[in-house]
Amino acid sequence: MKKYFLPKSNTLLYLSFFSVLSFSIKAQNVGINATGATPNSSAMLDLNTGNTFTSPNGKGLMIPNVSLTTTTDNTTVPVAAAQNSILVYNTNAAITGTGSAGTGYYYWNNSAARWVNLIDNMAPGSPWMLLGNTSISTPAVPGTYGTSTFGVAENFLGTTDANDVVFGTNNIERMRIMQTTGFVGIGTAAPASRLHVRNLSANGAAVQGSMTNVTGYLGYTNNIALGAFGTVPGASVFSADPTSNGYPSLVVMSTGTANYAATISYSDIWIGGYFGVDNAQAGFSPSAIYGQVNHTVAASGVVLRPAVQGYHNNTSAGNPAYSNGMLAVAIGNAQDCFGVWGYAQTSSGTRAGGYFEAYNNTPTLQAYAYVGSSVGGTNRKILGTNSVSEIVPTKNHGRIILTCPESPEYWYQDYGTVKLVNGKAHVDLESTILEICVIDQNNPIKVFTTVDDENCKGLAIKKGLTGFDIVEMGGGISNCTVDYQIILRPKTGYGEGRFPQAPGPAWLKPEFEPQSAKAKNQTLGRDIFYWPADWTVYGYDVEKVIPIGMVVPAGPHAGKIKIADGVFADKMPTSKPQP
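Taking my numbering, the leading residue of the sequence shown gets 1, the next gets one more, and so forth.
These are computed hints drawn from the structure, not numbers from a lab.
Hints should not be assumed to be uniformly reliable.
Unchecked claim - Below, computed lysine-lysine pairings styled on DSBU-like, alpha-carbon distance capped at 35 Å:
1) Lys520 / Lys381
2) Lys544 / Lys571
3) Lys462 / Lys509
To be verified - Just the calculated beta-carbon pair ranges, DEER-fashion:
4) Glu357 / Gly458: 30 to 40 Å
5) Gln441 / Pro505: 34 to 44 Å
6) Ser287 / Val232: 38 to 48 Å
7) Pro505 / Lys395: 46 to 56 Å
8) Asn203 / Pro505: 51 to 61 Å
Yeah, the Cβ is synthetic: ideal placement off N, Cα and C, and Gly gets one too.
Given the sequences, and given the hints that come with them, work out the whole structure.
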């Protein structure tokens, strides 16, 4: 055993120390304890006070306390290359510099030329702290994302070798970042996309996004009730708006230089898009589907501009079914009902509530018709190619067609029967006929008669402005019965003349019409009589009587949509009108 001598001046101090602790020294190690135990052979210095610090012998080891200003402070504790790993306890909470972490144990690292916090054992890295980090070095934007590596001095959370980063709770994996692709999987260890979220339960949602008034889900598998339309078991995307603030469940926009539709819906199983509205309120009229196009520039060339368009294409053989470009069905129960309601308003000379065409496949046969139209200066309820006909389902002769007579100009017809008295009879025209017809010297009544008495000597007609006389010729005094037919010029369309210009198909603009299609009688710009609008004749307020959802045809809000009673707008609003 080595021997140590104590200076006389410190003898009393050392004796006092030894009276408390047993101090033993052997070659290569030192032991300090209260029991006299031999120091552990694996330790250069073995401090042992037992398991309790409540006894007078309970002591700990105090490392020198210093106040470091920065992690590169080599003045407070002078250090040199030979003093690598020197340990101190920093008391300065405001220490700054790389790896600074407030008060605590720091050791000097020669290669880094700074003090390193003991928690930071990356020689000399910077650990991620539970309470946050300071003075980190944010990585620069990578030159090539997914392949460029971090710089030596850049801080990041992850791995530097080819291993996945895995996050978990309760010793169970919850999320994984694949080292091969960078794909992130939540609920799956094999993500198939940049972010792959999988719900491990049979019900619920894989992803939920919400804020104060809206909530949306991705991968939603709970049953979704759709009012009168039934229930669906779930949806890839589901949004619910349970609040009273009127937020939409889904908004899809396509702006700027986008070349595709804002929404593309596709199915090879059932309906491509299903829309339904349950409306239990009487004050407004929502549509299941509403489409509106606002054009702010003039069309370049001839362009069809539909708000709603349907197209059906059948490529199969045979004739087993029906192709429908648009199918409209209305079930009104006890209220008035219209399968299709067409409305058109423009200052152009061509407008129609409905336009219809039919072709064969060649196409060599064509039929087209305008309904509720004003085309080329002429107003018509029906205007089109071919005849106007009626179908009659007879029991004994099959289903037959009856065709209306046509004429080069517009006429009213009326029929009646009168009895001659001593060879004479007078017929007064009804006041209604007098109001709706033009009767003058240029437009006299046309009367055609048939007599049922073969002894009648013939009949002559004396026409007046309000009626006509039937007189038996040759002074005859027959008392026979006479059937008559009268033809009169109506006021409606008066001024059109004979064989007025007819329109071509709606898609044929007048400026492109061939000269050979031009009729001699051009009515455009001519003063033609048409009856005033219904509300003008009878003096009712259009805005009050039209249904909600209809365009106002006249008045201060003409051209606007009636949203609710007293509420009008240029378009249907995106939110429900408030009373």
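query: Which of the numbered hints above does this structure break?
result: 3, 4, 6, 7
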